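We have chain A; now place chain B onto it with these hints.
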Amino acid sequence: MSPDQRQYGPRHRLLSVLVENKAGVLARVAGLFSRRGYNIYSLAVAPTDDERFSRISIVVDVESSPLEQVVAQLDKLINVVEIGELHPDEAREAELLLVSVSADAGQRSQVIQLVGVFAGRIVDVGHDAITVMVAGTPEAVDDFESLMRPYGIAGLQRTGRIALPKLDEKLSASGALAPAADIA
Amino acid sequence: MELTGAQALVKSLEMQEVEVIFGLPGGAILPVYDPIIDSPIRHILVRHEQGAGHMAEGYAQATGRPGVAMVTSGPAATNIVTPLADAYMDSIPLVCITGQVATTAIGTDAFQECDTTGITLGVTKHNWLVTDAADIPHVVREAFHIATTGRPGPVLIDFPKDVANATMEWYWPDGVDLPGYHPPSHADPVAIRAAVELVLAAERPVIYAGGGVLKSRASEALRELVDLTGIPVVTTLMARGSFPDSHPLCLGMPGMHGNYTAVTAMQKADLLLALGSRFDDRVTGKVSAFAPGAKVVHVDIDKAEIGKVRRPEVAILADCRLATEALVEVIRTAGPVDHSRLAPWIATLQRWQAEYPCTYDRSEHGSAGAVTGGAGRRPTLKPQFVIESLRASTPPDTILVSGVGQHQMWASQYWSFEYPNTWVSSGGLGTMGFAVPAAIGAKVGRPDRMVWAVDGDGCFQMTAQELATATAERIPVKIAILNNAYLGMVRQWQHMFYEERYSEVYLSPDLPDYVGWAESMGCIGLRVESPEEVTPAIEKANEIDDRPVVIDFRTDSMEQVFPMVPAGASNDDIVVYQSQSASNPEALQ
Chain A
25 MSPDQRQYGP RHRLLSVLVE NKAGVLARVA GLFSRRGYNI YSLAVAPTDD ERFSRISIVV
85 DVESSPLEQV VAQLDKLINV VEIGELHPDE AREAELLLVS VSADAGQRSQ VIQLVGVFAG
145 RIVDVGHDAI TVMVAGTPEA VDDFESLMRP YGIAGLQRTG RIALPKLDEK LSASGALAPA
205 ADIA
Chain B
138 MELTGAQALV KSLEMQEVEV IFGLPGGAIL PVYDPIIDSP IRHILVRHEQ GAGHMAEGYA
198 QATGRPGVAM VTSGPAATNI VTPLADAYMD SIPLVCITGQ VATTAIGTDA FQECDTTGIT
258 LGVTKHNWLV TDAADIPHVV REAFHIATTG RPGPVLIDFP KDVANATMEW YWPDGVDLPG
318 YHPPSHADPV AIRAAVELVL AAERPVIYAG GGVLKSRASE ALRELVDLTG IPVVTTLMAR
378 GSFPDSHPLC LGMPGMHGNY TAVTAMQKAD LLLALGSRFD DRVTGKVSAF APGAKVVHVD
438 IDKAEIGKVR RPEVAILADC RLATEALVEV IRTAGPVDHS RLAPWIATLQ RWQAEYPCTY
498 DRSEHGSAGA VTGGAGRRPT LKPQFVIESL RASTPPDTIL VSGVGQHQMW ASQYWSFEYP
558 NTWVSSGGLG TMGFAVPAAI GAKVGRPDRM VWAVDGDGCF QMTAQELATA TAERIPVKIA
618 ILNNAYLGMV RQWQHMFYEE RYSEVYLSPD LPDYVGWAES MGCIGLRVES PEEVTPAIEK
678 ANEIDDRPVV IDFRTDSMEQ VFPMVPAGAS NDDIVVYQSQ SASNPEALQ
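Residue numbers (this note's numbering), protein chains in the order written: chain A, 25 to 208; chain B, 138 to 726.
Among the hints, erroneous ones may be present.
EDC-like, lysine to aspartate or glutamate: derived pairs with alpha carbons at most 16 Å apart [what the hints assert, rightly or not]:
no.: 1; chain 1: B; residue 1: LYS432; chain 2: B; residue 2: ASP407
no.: 2; chain 1: A; residue 1: LYS100; chain 2: A; residue 2: GLU44
no.: 3; chain 1: B; residue 1: LYS432; chain 2: B; residue 2: GLU450
no.: 4; chain 1: B; residue 1: LYS432; chain 2: B; residue 2: GLU340
no.: 5; chain 1: B; residue 1: LYS423; chain 2: B; residue 2: ASP710
no.: 6; chain 1: B; residue 1: LYS148; chain 2: B; residue 2: ASP171
no.: 7; chain 1: B; residue 1: LYS405; chain 2: B; residue 2: ASP382
no.: 8; chain 1: B; residue 1: LYS445; chain 2: A; residue 2: ASP99
no.: 9; chain 1: B; residue 1: LYS405; chain 2: B; residue 2: ASP709
no.: 10; chain 1: A; residue 1: LYS46; chain 2: B; residue 2: ASP314
no.: 11; chain 1: B; residue 1: LYS445; chain 2: A; residue 2: GLU92
no.: 12; chain 1: B; residue 1: LYS148; chain 2: B; residue 2: ASP314
no.: 13; chain 1: A; residue 1: LYS190; chain 2: A; residue 2: GLU109
no.: 14; chain 1: A; residue 1: LYS46; chain 2: B; residue 2: ASP269
no.: 15; chain 1: A; residue 1: LYS46; chain 2: B; residue 2: ASP175
Some chain A residues close to chain B (C-beta under 7 Å, calculated; not the full set) [as the list claims (entries may be wrong)]:
no.: 16; residue: GLY55
no.: 17; residue: ARG59
no.: 18; residue: ALA96
no.: 19; residue: GLN97
no.: 20; residue: ASN103
no.: 21; residue: VAL104
no.: 22; residue: LEU120
no.: 23; residue: LEU122
What the hints contain is simulated information worked out from the structure, not anything from laboratory work. Note that the structure is predicted; figures quoted are calculated from it, not measured. For each residue, glycine too, the CB sits at the ideal point set by N, CA and C.
Looking at chain A on its own, in the form it has when it is part of the complex (with noise of 0.2 Å):
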């Protein structure tokens, strides 16, 4: 896949989705993307501050299949608490990234530059290599990880996107998420 594929487009769509924190839920979500055909671009899942749940944050592809499908089938699922929509004009996305660049005596120094722009942070260095971590919106991520392909890539790991909902006015409202039901 180039960087450039992997811009989040129009088709793919942030998904948050708050579970009850049980054994097996990751699975039946994973399954039911399996079995009906959707595609999962990226899916971030961790406990909230409430122990009782987690939040998973899935990025689906809707291209195959209309996000309304989506929603209603994952409702379907007994632990799936709540499912909202994050537009992103409405919320603060970020991804976590490490990757390891070959980066001798030489280029070093260029790389190191690079890294401050981002706000980056060096991690491990090696004689050849170094392994960076870059938070930040998925786009800055996507900008740094091209920015990076050029010194030569030996492991990277991305996060996926998570997000919460911005906290402006328009949302105060709401407290936040889209119901799903108002999801076209």
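Only chain B this time, still in chain A's reference frame:
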């Protein structure tokens, strides 16, 4: 009160008023089978776990109550996957309990271990792996709640052996704690009013009744709606019996093998009122050409069904009965309904009914009176004639069960259904072998009713061993095998779409010897080879009430199911019976 996990499970089932469990014991479920001895719950020992699942389905379909099956781990669990998938497709409430290896052995490839919850994830509404005996009562309560509410469906409880042997302090929960489960019930009045507006304005409306009508017990409400509005009804394979076939506005079954009028009425309709139906591909044919001029009002309790195939003009997310009652209420308060508006439409439908009834070649051979053929040749026994004769010789409230294939379509076409829950068939999954065990389950649930299964010879061979169960448990079901010596529906497709190249479809009429097989299992076995023997054999079977009866009807191998909409074709391209298309060429338009 301290109980073992096994005792708590059985007691929980008693609390849920379970009257019968269909099951088969084995290693991991052994602890639960001990308290079964002391429980008032009847246990029916099946011969194969698939039988337990289909019996539970038949029980549920005939009674409207959840069916319960219990089997052990590993191969037993995988054997019951087919009934779970079947129940999931047809929204049948089932509670399945499987044994599991001890929690300490899970994941070690222990003897008879398999990942039952993982395997059944996609074919259950929900499932549980119980890891603490203290959870048993609330898991059982949740299981029955989920299986029977909203869109019903199968659930599974996987029950490790050490949990069964552990002890717990007995309690019974007041309710369920399911923060993510809120099935809809009442309809949105705004949507109801919008629907009524369309209903009252339509000139060619059709009610498209699906299985949801039966699941929600909406038959009476549907009858009221029809009598109030004068709108004709089609009943899908899953909805046969939800509206009486004898009603003048009942058009019968639509779909791939539906009758001409039901199929064409939907095609030409300007409004489809879909009640608990899901626009299945067997009903719509080619979706883009389905009912092109119709607006759609879709009533369903499952939000994912609304708009899945066809986007409705009005969506009503609700229990089908409550929504239908609300429609009746609003229409009634709006004043008297003018039925004359629909007169031209009804006249058209009646003309189609007269011109294109379901038919077969009775004149050449078939009915008892029409003895044809050369000297020494017996007249051919037509499968449709067997169904008609069976209907004529059995009480109106007889429960009819079928397997899957040609015989199923003939049964649905030629049986006249008068009451809800008198038709038990495998619809969505199309599970061959369904009939024998499902009939047993139906008879267990409704011992007061006569229960007949119409089965194919291919289907019968898949699950016939359960007749040993029926004999042992004194469950007097009656099985009519339409023995055409072929996998008939496959043969029909090879005839029509594969240039009559018959590949692996011949089964032989004599192998096995169905009469001998039936008798070896303690049943009465009868064989019928010509039309005049049909009714006497049925009458003889009807008199036997202490054991199962199997009749081997030797039917015409060449007979095909018509009408037929070829797979992927538009419903406008319905192919009617040969004799009709010859005399009425416009039928093929």
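Against the structure, the hints come out as follows:
no.	hint	verdict
1	LYS432(B) x ASP407(B)	6 Å, holds
2	LYS100(A) x GLU44(A)	13 Å, holds
3	LYS432(B) x GLU450(B)	6 Å, holds
4	LYS432(B) x GLU340(B)	11 Å, holds
5	LYS423(B) x ASP710(B)	10 Å, holds
6	LYS148(B) x ASP171(B)	12 Å, holds
7	LYS405(B) x ASP382(B)	21 Å, violated
8	LYS445(B) x ASP99(A)	14 Å, holds
9	LYS405(B) x ASP709(B)	9 Å, holds
10	LYS46(A) x ASP314(B)	14 Å, holds
11	LYS445(B) x GLU92(A)	9 Å, holds
12	LYS148(B) x ASP314(B)	20 Å, violated
13	LYS190(A) x GLU109(A)	13 Å, holds
14	LYS46(A) x ASP269(B)	14 Å, holds
15	LYS46(A) x ASP175(B)	35 Å, violated
16	GLY55	5 Å, holds
17	ARG59	5 Å, holds
18	ALA96	4 Å, holds
19	GLN97	5 Å, holds
20	ASN103	6 Å, holds
21	VAL104	5 Å, holds
22	LEU120	28 Å, violated
23	LEU122	30 Å, violated
Violated hints, in rising order: 7, 12, 15, 22, 23; the structure is consistent with all others.
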